Structures are given as structure tokens and as C-alpha cells.
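Colleague: Here are the chains, one letter per residue:
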Amino acid sequence: MKPFLFRFKIASLSLLISGALVLGFGVFFLVEIGRVGLARVDQEIKALGETQLRRQHPREHWAGFDRSLEFIYSDDRADRIAVRVCNADNTVLFVSDHWPVQFDETVQPALVFAPRPARDAMPPPIPPRALPPEERLSGAVNRFIVRLDSDGDGKVSRHEFNGPEDHFEDLDRNGDGTISKAEVSKGPPFREMPGGGEMARHGALAGAPTHALRRPMNRSLPPRLRVPVLRTLSASGHDWRVAFMGNEFVTLTVAADLSELRGEAAAFRRVFFAITPLALIGLAAAGWFLASRALRPVTIITRTAEAITARGLDQRVPRTAADAELQRLEHVINSMLDRLERSFHQAARFSADAAHELQTPLTVLQGELDNAVQEAVAGSEEQQRYSLLLEEVGSLKAMVQKLLLLARADVGQLVVSSEDVDLTDIAVSAVEDVETMASHLAVESDIPNGIHAKGDTALIGQVVRNMTTNAMKYSSADGVVRFSLAIHGAVARMTLTNTAPPIPMEDQEKIFTRFYRIDKSRSRAIGGTGLGLSLAREIARAHAGDLVLDPYRNGRVSFTLTLPC
Amino acid sequence: MKVLIVEDDRKILSFIRKGLKEQGFTVDTASDGDEGYSLASTQPYDAIVLDIMLPGRDGLSILRGIRNHRDTVPVILLTARSSLNERIEGLDLGADDYLTKPFYMEELIARLHAVVRRRSGQPLSMLQSGNLTVNLITREVKQAETSLELTAREFGLLELLIRSPGRVFTRTQLLEHVWGYDFDPETNVVDVYIRRVRSKIDPDEGPSRIETVRGVGYRFRREDGSA
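For the protein sequence lines, the chains are A and B, in the order given.
Numbered according to my numbering, the first sequence spans residues 1 to 565.
Numbered according to my numbering, the second sequence spans residues 1001 to 1227.
If you're looking for bench data, these hints aren't it; they were derived computationally from the structure.
Remember, it's a predicted structure, so these values are computed and weren't measured experimentally.
For every residue, glycine included, the Cβ atom is placed at its ideal position computed from N, Cα and C.
Check each hint, because a few of them may be wrong.
[Said to hold, decoys possible] To spell it out: a stretch of chain A is covered by chain B in this simulated footprint if at least three of its residues, at any positions, have a beta carbon under 8 Å from a beta carbon of chain B; those stretches are: (1) 368-378; (2) 423-433; (3) 458-468.
[Said to hold, decoys possible] Some chain B residues well away from chain A (every beta-carbon gap over 10 Å; in silico): (4) M1001; (5) S1041; (6) Q1043; (7) R1057; (8) V1116; (9) R1117; (10) S1125; (11) L1127; (12) Q1143; (13) T1146; (14) E1159.
Produce the entire structure from the sequences given, and follow the hints as far as they go.
Modeller: Now the structure itself:
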């Protein structure tokens, strides 16, 4: 599976978490807004209805109540509330003009009587009596004046007054054509005014409980209230909240249009769903940006690590991170690099030391044995024994030499000289070797004259010998070995091809690995150390060239050596 | 011929001294840099063999000192094979040749002869054995007046053998000199080439010019016929 970008993960994660949170809160608030709105409406219409039901009213009262609603709610919203009043035997006493007729068909729920509260526990129906009437009235008076006073002079003039004409006359006590606050609140109590019994009809004081204005002196008990039932009903395309209420004399049904409330919720919903996706995209982008910023030290560390080779071990990660975790990572990586550099230098020193330490005894051994061979009687057993030892020292020397070259290559210290190397010469000699040593093989060659490269003749000769030896070793019987040499631009290419079974795919890279042989059982018969190809490639690379296995074609295995020229 | 050997390893010093004395050289030895430098600057030598890594003054410093005195005595440096920089620096300082350890005695002897000849203005260009002449510069081989066609490998083999007549070469030594050290030691390539060289250079009758030393290798027959 392709690994995800860390930045992508962080961005998606922040998107997911914030998305879930925002959606959760959004839904919660939407539901809550609906619930609270509905509870507000419920309370409003219940209060409206119960206020009326606490007393027994004449039939005409209900039209006045309906009209007073226009004062409570401004004119344009007056049809928001509709009422319908029936008496005990279900005869309609009053119904608002805009009462949705559909509701007439709704089955009137059976309403049970509320338990009558104990007398002493009954809440006083009147606000605290200690207050003088002026103060009790002042709130209602103020509301009346302010609602009707459209020109803001603190008084209600005749044209501002929207109640019946005779009511204006009643209220304008001093007859100056305006109703002032003083006129409403002072003077004789309302109930003493002509038509005062009907005062509540024009709703001027509807905000205050009606009975606050009429002291029920020596009255019998108030009517028993029924427990209201509230329902949400649909009519003419929108929802209404309908409160079914009543007392022992009438049933009052108050319906409040919910479209305004629903409109508010819808507006909220619209805004919410328009803004949320934008906010989430912003959050994801911010997550991406933050993750990128946070990852910057990691990017720097990656780049440094890429730049580190055996030749550039002195590279260190710059200390750029501001965060403790990343600072620690930088510190740990740098100390790892310190250790690595130290061990590489130790290894390099070791190989240099080993070169010196091993070469000295080998020189002595070889020199002494050589002298012994020369001094011994020709053909004597003694001479043969010395010679055998001398041959073994020769093998040892070759092996040590190879290991040291590899050790140097590993620490990037296989420095080669840049002499002129006659590749033609080397190739011609290699052809001669094959012809001489493997007479069963046919040799083809395409070796132009005068092809030179830059490098170390001895080392390049060693690479070519290695290629040649392999070609001879692994060629099928009566096979063909082909040498070709060519210049391509600034690169000389020597290709050695021989007929052989293909090298299995999984072995193709491993043949350049040290001590590796494809056919373990054949290795003894074929000989060699298993270091040849690995070293040959290192030498080629130290020359800024390469040694590669070419694709298998026409039953032939082919290696190409490239060298700068 | 008087030669100074400056080498800190006493065992190497000892076999070089032994090998050179056998070849008729007069040998002085020094086992550290300071002693070597004082000998080199006070005694006249025909050639000096200098190890580079020495206690006291190192080989390159001795060489610099010698050349600063306008002394043109031929100098051969002994180095570890892989220290390319030292080799280059040595040649820049005026070393005549270098030899990498481990080396064969006859190689050192051949190079000593070569540098001394080169200094005296007579580079070794012709080797001769009986009526066989080998021109090292034109790479021509003649038997009496007849030119012989030798391949590169055959010439390399003949040149090595004829430079040190009577000296026994093992197969590995021959391989190392002619083909390079990295050859598969189990190969019979040397025997094949020796056969081919023999067939080209040997007179029609009489013993071969290249003798087989049983169980050891080959040597070039001395002209006087002795081993």
C-alpha cells in the first residue's frame, strides 16, 4: 500500500475531528433553538389564554380580547395569533377572522380540570399590594404611550390613537386632543370612568393583568381552569402551535403561527450549512499548512541524510527545529552521524594500517622464500617445497590486496591515478588470453585501434582480466566469446559477451556482492574467491565509470565496462 | 656498484642485502631516517633504495634533502601499493622509480640496473642471449637476422625471463609480472605461453632456451650453459 503523506493525514484528521464537532454542535443548536422557540411560544399563548380564563367574561369580551392582540403585537403581525372561543356546549362564541378553518375539523382534545390549589398556596393573582396604584400602573401606562406615540412627543394624539373614538375621548381627560402619561395614570380609577368596565377592550393596559385593574371585591371563587393541551398543527402551508385551554364555562383555543419561528431556524440552518463547508476547507488547509511547517525540520533531516555518502560523512543536520521533540531528533541523528563518521575513519585508518602491517611480513616472506628458491639445487625437493610456499604467499598477497582495495572503496578512499590507459592494448591481450587458454571457445572481436581511457592501467587491467576469466569460466562448451570496444562521446565502453545460460533474475544484482556465487556446488570446481566482480565494479566506479550486467540477449550473457576517456 | 638501502624493517633489510650481495652489489644499510639521511649526504652511492615510511625523517623528506643538495644519485622508493599520493609526490620530488611492497628481488635488481643505466645516459634497450636479441624499445625480437613475431603476452614473458638469465621463476611470479597479480593461480596459461614462446625462439636443435625447473617453474638458460 502506498503510504499516505503525513501532511495529508493531519489535514484529514483535523477535518474529520472539527467536522464532527461542528456538525454535532450545529445539530444540537438547531434542535435546541427549535425547542426553546417552541417553549417560548407555548408559554406565551398559555399565559395569554389563562389570563382570560381566570375570569368569567361576557360574550362581547372575546372580540375585544382579539382586538387587543393588535396592541400586543404590532399591526403587521396581528394575524400571528388567532383565537376561538366556545362555550360549554361547544357553541362558538367567538372566532378570529384569520382563524385557520382547518382546525375546526381537529378533534377537540378532552381537557381535564387542573387541581384547584389550596387557598393559602394560591399565588396572589395581584402583584404586591404594597405598591401604590401609580407605580403598579406606570409600566402598563408607559407601554401604552410608547406603543402609540409614533411622533415621539411623549403623548398620544388623536391620529396616533387607533382605538375607538369614544375611548380617546374618555382618556383625554383634559380635552387637549392628546393623551399624556399623567392623564392615564392619575385621576379617578379606570373603573369609575364611563365605560370603564370595557377598558380592557382596547387593550391599552393589556400588558397588565386585567384583574389588576378591577379589584374583585367580595367575588365568588374564580372559574376552575382546565389543563392546557398543546399541539403543533399544520394549516395553509405552515405550522401553528395550538393551545387548547378552558375553564368550566368556555373552551379557548389559541393558535400561534410558527412560520416566523421556523423562518428564524431556517435562516440559522442556511447560514450554518453555507459557512460550515468553507470553515472545514479552511481547517483542512490550515492542518496541511501546519503539518508542512511542523515537518520542515524532518525535510531538512531527510535532505541531509540523502547527501551523506561515504565521502560526505562530515555532513550534519542544521539545528533549525524550535520544538523539543524535533530538536531531540536532530540531536540524536547528529550524534549517530558522529559515531558513524568516527567508525568510518577508524575503518579507513585500519585499512591503511593493515596495508602496511600485512605488506611488510609478506614482503619478507616472499623475499626470503624467493632467495631460498634461487639458492636451492635446481629441481631438488627442497626447492620444490620453497616454491610451493612461494606460490601460496602469492595467493595470499593477491587476496590481501583485493580486500584492502575493497576496504578503501568502502570508505571512499579508493583513489585512482589518471594516467593514459591503452584499452586497445588491454583488449587485444585479453583476446589472446582467451584464444590461448580456452581453445574450445570461438573468439570474436571488434577492437578499433587507439582507444584510450583515463585511469590506472594495473587496476583497469585487473577489471578486464576478471571479466575475461568469468567469460571463460561460465561459457558453455564450444561457445562464443565476443570482445567489443567503442567510444561513445566521452565514454569508452568495453563489452564482453559470451554464450551462457541466463543469470537468474534474483541473482543479477547479487553477483556483484562479495563472496557470492550463483551455483554453490560449482564454486569449488571453478575456483576464485567470489570477490572479483564486486571489486571490479568498485574499481570501475572509482574511475567514475561503471561495470554492469547487460540484458540477456540471443543466449548470451554480456557485461559492459564504461570508463571516462 | 654501491647501493644504500634505507628500510626500517630489519627482516626486509636483511633479505634485500642478501639478494643484492649475491648479485655483486656493495650494500650499506640504514634502519631509520636520520641515519639514512646522514649516510646519503656524506657517502657517494651509485643508487639509493628508500622506504617511504620510516622512523625519524621519512623517505620523502630524505629524498627532498638529497635533491636540494643537487645530488642526482638515482633513487628508488619503496611504497605500499595503495598510497598513490606518496608515489606521485615521490616522483615529483625526483625519485627515479618506485617499487610497491611486496616485491620480488629480481624486480628490484632489474630496476636498480635500469636507473643506473638511465643516469649514465645508456638506457638498457637491447637484451641478448646467444644469437637471440630483444629490443625493449621497438619490441623487436631477432634470431640471428630473422625477425620473430611475438604477441604482447609472449614478449612480456620473454622479456622477464631474458632479463635475469639463470633465475628461477615460479608460475605465480610469471603470472604476476606478465598478467598482473589477480590471475587465477590454478590456470595453466603460463605453460601454454612458455610452449609457444619456446616454439618461436628455440634453435632447431639442442636444449630449449627456457628450461623447466621441475616442480618449481622456469628459467632462462645462461649463455655459458651453467644454471
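Colleague: Hint by hint, say whether it matches the structure.
Modeller: Taking the hints in turn, this is what the structure says about them:
{"no.": "1", "hint": "368-378", "in the structure": "holds (count 6)"}
{"no.": "2", "hint": "423-433", "in the structure": "holds (count 5)"}
{"no.": "3", "hint": "458-468", "in the structure": "holds (count 5)"}
{"no.": "4", "hint": "M1001", "in the structure": "holds, 19 Å"}
{"no.": "5", "hint": "S1041", "in the structure": "holds, 27 Å"}
{"no.": "6", "hint": "Q1043", "in the structure": "holds, 25 Å"}
{"no.": "7", "hint": "R1057", "in the structure": "holds, 18 Å"}
{"no.": "8", "hint": "V1116", "in the structure": "holds, 21 Å"}
{"no.": "9", "hint": "R1117", "in the structure": "holds, 23 Å"}
{"no.": "10", "hint": "S1125", "in the structure": "holds, 20 Å"}
{"no.": "11", "hint": "L1127", "in the structure": "holds, 20 Å"}
{"no.": "12", "hint": "Q1143", "in the structure": "holds, 21 Å"}
{"no.": "13", "hint": "T1146", "in the structure": "holds, 22 Å"}
{"no.": "14", "hint": "E1159", "in the structure": "holds, 14 Å"}
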